[in-house]
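These protein sequence lines map, in sequence, to chains A and B.
Each step along the first sequence adds one to the number in full-length UniProt numbering, with nothing skipped, and position 136 is 136.
Each step along the second sequence adds one to the number in full-length UniProt numbering, with nothing skipped, and position 264 is 264.
Accuracy of the hints is not assured; some may be wrong.
Where chains are identical, the list cannot tell them apart; a pair therefore holds if satisfied intra-copy or between any two copies.
Simulated crosslink set (BS3-like; lysine-lysine; CA at most 30 Å straight-line) [to be verified]: (1) Lys296 with Lys74; (2) Lys74 with Lys28; (3) Lys296 with Lys55; (4) Lys55 with Lys28.
It should be emphasised that the hints constitute simulated quantities derived from the structure, not laboratory data.
There are 2 protein chains.
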Amino acid sequence: MAVYTHVEPDDLAALVAQYDIGTVVSCKGIAEGVENSNFLLETTRGRFILTLYEKRVSEGDLPFFVELLDHLAKRGCPVPAMIRDREGRAIQQVSERAACIIQFLPGISLTHPTPGQCQAAGAAMGAMHRAVADFAGARENSMGHRHWRAIAQGAGDLDAVIPGLQAIVDEELDHLDAHWPRDLPAHVVHADLFPDNVLMLGERVTGLIDFYFAASDFRAYDVAVTHASWTFSTDGSDCDIGRASALMRGYAREVALTDEEFAALPLLARGAALRFLLTRAHDWIHTPPGALVTRKDPAPFLARLRRYQAADAAALFSAA
Amino acid sequence: MAVYTHVEPDDLAALVAQYDIGTVVSCKGIAEGVENSNFLLETTRGRFILTLYEKRVSEGDLPFFVELLDHLAKRGCPVPAMIRDREGRAIQQVSERAACIIQFLPGISLTHPTPGQCQAAGAAMGAMHRAVADFAGARENSMGHRHWRAIAQGAGDLDAVIPGLQAIVDEELDHLDAHWPRDLPAHVVHADLFPDNVLMLGERVTGLIDFYFAASDFRAYDVAVTHASWTFSTDGSDCDIGRASALMRGYAREVALTDEEFAALPLLARGAALRFLLTRAHDWIHTPPGALVTRKDPAPFLARLRRYQAADAAALFSAA
Chain A
1 MAVYTHVEPD DLAALVAQYD IGTVVSCKGI AEGVENSNFL LETTRGRFIL TLYEKRVSEG
61 DLPFFVELLD HLAKRGCPVP AMIRDREGRA IQQVSERAAC IIQFLPGISL THPTPGQCQA
121 AGAAMGAMHR AVADFAGARE NSMGHRHWRA IAQGAGDLDA VIPGLQAIVD EELDHLDAHW
181 PRDLPAHVVH ADLFPDNVLM LGERVTGLID FYFAASDFRA YDVAVTHASW TFSTDGSDCD
241 IGRASALMRG YAREVALTDE EFAALPLLAR GAALRFLLTR AHDWIHTPPG ALVTRKDPAP
301 FLARLRRYQA ADAAALFSAA
Chain B
1 MAVYTHVEPD DLAALVAQYD IGTVVSCKGI AEGVENSNFL LETTRGRFIL TLYEKRVSEG
61 DLPFFVELLD HLAKRGCPVP AMIRDREGRA IQQVSERAAC IIQFLPGISL THPTPGQCQA
121 AGAAMGAMHR AVADFAGARE NSMGHRHWRA IAQGAGDLDA VIPGLQAIVD EELDHLDAHW
181 PRDLPAHVVH ADLFPDNVLM LGERVTGLID FYFAASDFRA YDVAVTHASW TFSTDGSDCD
241 IGRASALMRG YAREVALTDE EFAALPLLAR GAALRFLLTR AHDWIHTPPG ALVTRKDPAP
301 FLARLRRYQA ADAAALFSAA
């Protein structure tokens, strides 16, 4: 959860006056988006999300995100459109931060998805992959495979988080470097499509949100991230085959993975588990006492890594 | 800021189904209310606040708050009404906590009120005092004068928060015990009407919120709390006479304080400053690292206490 930066009412009124969206009725900080400050902004003409970009989102990347969301919205994906001001600008400055006013989408973030909801999420991801295929933009995945060794080195004392973790990570990095696929279908992917980044009403996907890790990578890696985040028990020890097969079935309705991609999925999922294990360990070590964010336990992603390392891991990706 | 407790979508749907308020469209945790979990709930029929009551609000007190808000709403005060379900109940159970669905009010919480906004807040407090005068309910002020010595004793090592604080507090408690008024006009008061508990649009008060410290006390003590929280610089060292006189002027439009009340205001304000100094010191000592709440610095209320102790403090309460 977030809301780091306060917006003065006068600054807010001045910002909103640049747009054709009426005048401010209410503005409440909301507990969504770990990297940014988010506000639910109500005006006389509707509801919007006001996002102020904090540390991790580089201002230089913002035009990429704006263009990506525009592209997906035009193709009918349920992503929040960036609202333009009267001069066509989507990116503003508020309280010394870059800021965007974004379309409000209905729906609720899930915590314990059902198989039906996993299937819907898989289908929405597949439709998003089809829509993004002709997107001209590209962005280095700074949280991708090529960067994990550096992220591991910069995380701090991994053994202080989980005893023995450093050796596990070193061994896994060696394995992934030796076996990571060189060539699979790739385009811009979400790369962080956890349940809290999918809004749903019942079994209907009403929003795919928080594209701030979106970057160029294998589309099957996106499937692996979503598999790792939608189909496991809270402690990461158990993959629910019912939810996993539903997710893969939903995705297969929109995108037919190649044999090479299917074969690579267990390895890509090991990578996905490692990526979140490393960044959570980093944040665990570096989150100061009294910070506004809840530190997320890295251990459940070590448990997922163990599961994906098992000899029978390929069975977790069956749509049957 | 808060949001401690998560509400599962199924539990939310079941709760909302008990009311005539349509079905859930969206539900977002919001960063308001330090003691409770608050959600902005949108349904097909409107917007509401869903509050789940955490530790500090006793379930036994909830009927008092419901009746108080009903009473004030009926008399035209801009307070959020508690929504009743089809069987007339305002208090429910969700996620093992007492919960209420509450009317959504427009407006924005202020941080740096102008004199015009102070005047409006003073008038709104005065109108609320007039409206509450015939309210039959009563509630012991567990944060009131009679409890400060116990709060000080339970706070922990005050000198670890601010060196020398224990002696300052002991001396002030002795002074307040010796001089605290025995008999002034009293009724239920808000007792925590800080700027973040007043919603405004421009200079219009659209909401008085967060009545969970409301209790029976001198009405002039409520004026003192509001004075201490609306008229000082952020560090508490400087009382802005322009804002202070505007606050008193606004209040005077609705309520004519007696000479005894005016004479007591500096002492009551010393008490108000001590009350928030003590509870902030307590929370400073007891808030665990990584907690979701920001600890509030107690020092600015020590600075206020010093200002109210000064020989010329009576001048801070002039409406002229």
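State the violated hints by number, sorted upward, taking the hints as numbered earlier in the document. Per hint list: single violation, 1.
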